[in-house]
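Model the placement of chain B on the given structure of chain A, informed by the hints.
One-letter residues, chain by chain:
Protein chains: 2
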Amino acid sequence: MASEHTAKAFDSDLQELTRLVAEMGGLVERMITESVDALIRRDVALGKRVVAADIEIDNLQRVIEERAVLTIARRQPMAIDLREIVSAMRVATDLERIGDLAKNMGKRVAALESDFQPLKLIRGLEHMTDLVLSQVKSVLDAYAAHDLPAAMNVWKGDEEVDAICTSLFRELLTYMMEDPRNISFCIHLMFCAKNIERIGDHATNIAETVFYMIEGQQITDKRPKGDMTNFATTVPGT
Amino acid sequence: MASEHTAKAFDSDLQELTRLVAEMGGLVERMITESVDALIRRDVALGKRVVAADIEIDNLQRVIEERAVLTIARRQPMAIDLREIVSAMRVATDLERIGDLAKNMGKRVAALESDFQPLKLIRGLEHMTDLVLSQVKSVLDAYAAHDLPAAMNVWKGDEEVDAICTSLFRELLTYMMEDPRNISFCIHLMFCAKNIERIGDHATNIAETVFYMIEGQQITDKRPKGDMTNFATTVPGT
Numbered sequence: 001m002a003s004e005h006t007a008k009a010f011d012s013d014l015q016e017l018t019r020l021v022a023e024m025g026g027l028v029e030r031m032i033t034e035s036v037d038a039l040i041r042r043d044v045a046l047g048k049r050v051v052a053a054d055i056e057i058d059n060l061q062r063v064i065e066e067r068a069v070l071t072i073a074r075r076q077p078m079a080i081d082l083r084e085i086v087s088a089m090r091v092a093t094d095l096e097r098i099g100d101l102a103k104n105m106g107k108r109v110a111a112l113e114s115d116f117q118p119l120k121l122i123r124g125l126e127h128m129t130d131l132v133l134s135q136v137k138s139v140l141d142a143y144a145a146h147d148l149p150a151a152m153n154v155w156k157g158d159e160e161v162d163a164i165c166t167s168l169f170r171e172l173l174t175y176m177m178e179d180p181r182n183i184s185f186c187i188h189l190m191f192c193a194k195n196i197e198r199i200g201d202h203a204t205n206i207a208e209t210v211f212y213m214i215e216g217q218q219i220t221d222k223r224p225k226g227d228m229t230n231f232a233t234t235v236p237g238t
Numbered sequence: 001m002a003s004e005h006t007a008k009a010f011d012s013d014l015q016e017l018t019r020l021v022a023e024m025g026g027l028v029e030r031m032i033t034e035s036v037d038a039l040i041r042r043d044v045a046l047g048k049r050v051v052a053a054d055i056e057i058d059n060l061q062r063v064i065e066e067r068a069v070l071t072i073a074r075r076q077p078m079a080i081d082l083r084e085i086v087s088a089m090r091v092a093t094d095l096e097r098i099g100d101l102a103k104n105m106g107k108r109v110a111a112l113e114s115d116f117q118p119l120k121l122i123r124g125l126e127h128m129t130d131l132v133l134s135q136v137k138s139v140l141d142a143y144a145a146h147d148l149p150a151a152m153n154v155w156k157g158d159e160e161v162d163a164i165c166t167s168l169f170r171e172l173l174t175y176m177m178e179d180p181r182n183i184s185f186c187i188h189l190m191f192c193a194k195n196i197e198r199i200g201d202h203a204t205n206i207a208e209t210v211f212y213m214i215e216g217q218q219i220t221d222k223r224p225k226g227d228m229t230n231f232a233t234t235v236p237g238t
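As they're listed, the protein sequences go chains A and B. Residue numbers for the first sequence follow the working numbering, beginning at 1 and rising by one. Residue numbers for the second sequence follow the working numbering, beginning at 1 and rising by one.
Incorrect hints may have been included.
A pair counts as met if it fits within one copy or between any two copies, since identical chains are not told apart.
What the hints assert, rightly or not - Below, a list of computed lysine-lysine pairs in the DSS-like style, where the Cα atoms sit at most 27 Å apart: (1) 48 <-> 137; (2) 107 <-> 156; (3) 156 <-> 8; (4) 137 <-> 156; (5) 8 <-> 107; (6) 107 <-> 137; (7) 48 <-> 156; (8) 137 <-> 8; (9) 120 <-> 137; (10) 48 <-> 8; (11) 8 <-> 120; (12) 48 <-> 107.
In short, the hints are calculated from the structure, not lab data.
The shape of chain A in the complex, shown without the other chains (with noise of 0.2 Å):
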């Protein structure tokens, strides 16, 4: 980026991108609450809100993609400017695929069909989506304010969401072993539980990418890994 015009032209750039990975993430943000939300109350209406809202992400993902890359071609930047428009397409990638998870629970609500529903059992869901959802806008604040500490604690934080994922497996199992009545119910929770996780797993991957935006190189480190829910469904004896 030879003159002082290409650089203005440059963030002018990068600030609109910016911009619109923040307007992503506040529609993903209200994607996963209203997905819970419409779970936890069987409100099949706002279930199909959330469906409707996915294309939306979708197109929302294609303009930053086609952005970046006319960016790219157009500027030519180096360095920690071509960095920061690699990351904004990095995060379009991850907010699409969260919305994608959330589309898919609020499908589900329309298939809950058991009045069953132990208080155990949605504490557990609402508090596990609390923390993902505090994940996912922690990484997100930390992506727009190039704030690396904040990042890597979004990174090593996801334990606590996989081992609530895995004890509400158990959970779940159990309430299917005991009344076969309860399995289809106990399956679509399992799915969006599972959902939920893959959340937690993609603020992680934005927190990746933010190391990678202010480092300039891949995370090395193997993050630490509590999940077991791929096991969890394996009960002695049975």
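Below, chain B alone, put in the same frame as chain A:
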């Protein structure tokens, strides 16, 4: 791309990108086959190899992204040339997700403790995997050959996969209702069936990328959708 030198340099960059995508595609196809083989044969060692192979997929995606971005910055391609580069990045993103889904199946092998394994279920899983694998192969061939009709065949063709997945879910649900000792095993297979279905969705995404690459616009038609697995866990009277 003014000079002949730039055009040649671009062609060589593009060739290398296409080669990397083909390499990634080949690895991902193997991961799909091996993860399902490992599940069916309860081959824990093979499952672990699939899990280990995912690191290579993640690395390849990063390499493709990096090279694509450098090519855009250095060669400033326009129109179809630019779309070729963006498409390589998009296909790599879908292949990376397919790798994750196969890895997740690989992880589950170790958790399958029960001896319960009805033949009809295995046949259904194998049939679904064969279909999805042939979709992945076809769409990667279509991408490499710039064959739009072949890509559109894949795009239209995942109704059958969705139908098999729905019927597998119904069957798994029946086994769970019949005997609580089947529940844990059946839940794993449900997550695996859903993973295979999602791999099919990624094949469809790649078909959309081929459309974008060749036609220069996003596909707008709504894809036929036969997936009812979000509802198949609701059995009348439960």
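Status of each hint after checking the structure:
Taking the closest pair of Cα atoms, residue 48 and residue 137 come within 27 Å of each other only inside a single copy of the chain (24 Å); across copies the shortest separation is 34 Å, beyond that limit. For the identical chains of this complex, residue 107 and residue 156 are inter-copy neighbours only, at 22 Å across copies versus 31 Å inside a copy, given an alpha-carbon limit of 27 Å. In this assembly of identical chains, the alpha carbons of residue 156 and residue 8 never lie at most 27 Å apart, being 36 Å within a copy and 46 Å across copies at closest. When the C-alpha separation of residue 137 and residue 156 is checked against a cutoff of 27 Å, the pair qualifies only within one copy, where the shortest distance is 15 Å, while the shortest distance between copies is 38 Å.
For the identical chains of this complex, residue 8 and residue 107 are neighbours neither inside a copy (45 Å) nor across copies (49 Å), given an alpha-carbon limit of 27 Å. Proximity of residue 107 to residue 137 under the C-alpha cut-off of 27 Å is restricted to the intra-copy arrangement: shortest distance 24 Å within a copy versus 30 Å between copies. Proximity of residue 48 and residue 156 under a CA criterion of 27 Å is satisfied inter-copy only: 25 Å between copies versus 34 Å inside one chain copy. Taking identical chains as interchangeable, the C-alpha atoms of residue 137 and residue 8 are never at most 27 Å apart, the minima being 29 Å within one chain and 45 Å between chains.
Only within a single protomer do residue 120 and residue 137 lie at most 27 Å apart by alpha-carbon distance; the minimum there is 26 Å, versus 46 Å between protomers. In this assembly of identical chains, the alpha carbons of residue 48 and residue 8 never lie at most 27 Å apart, being 43 Å within a copy and 51 Å across copies at closest. Taking identical chains as interchangeable, the C-alpha atoms of residue 8 and residue 120 are never at most 27 Å apart, the minima being 55 Å within one chain and 64 Å between chains. For a Cα distance limit of 27 Å, the shortest separation of residue 48 from residue 107 inside one copy, 7 Å, qualifies, whereas the shortest one across copies, 33 Å, does not.
Hint violations for this structure: numbers 3, 5, 8, 10 and 11, all remaining hints satisfied.
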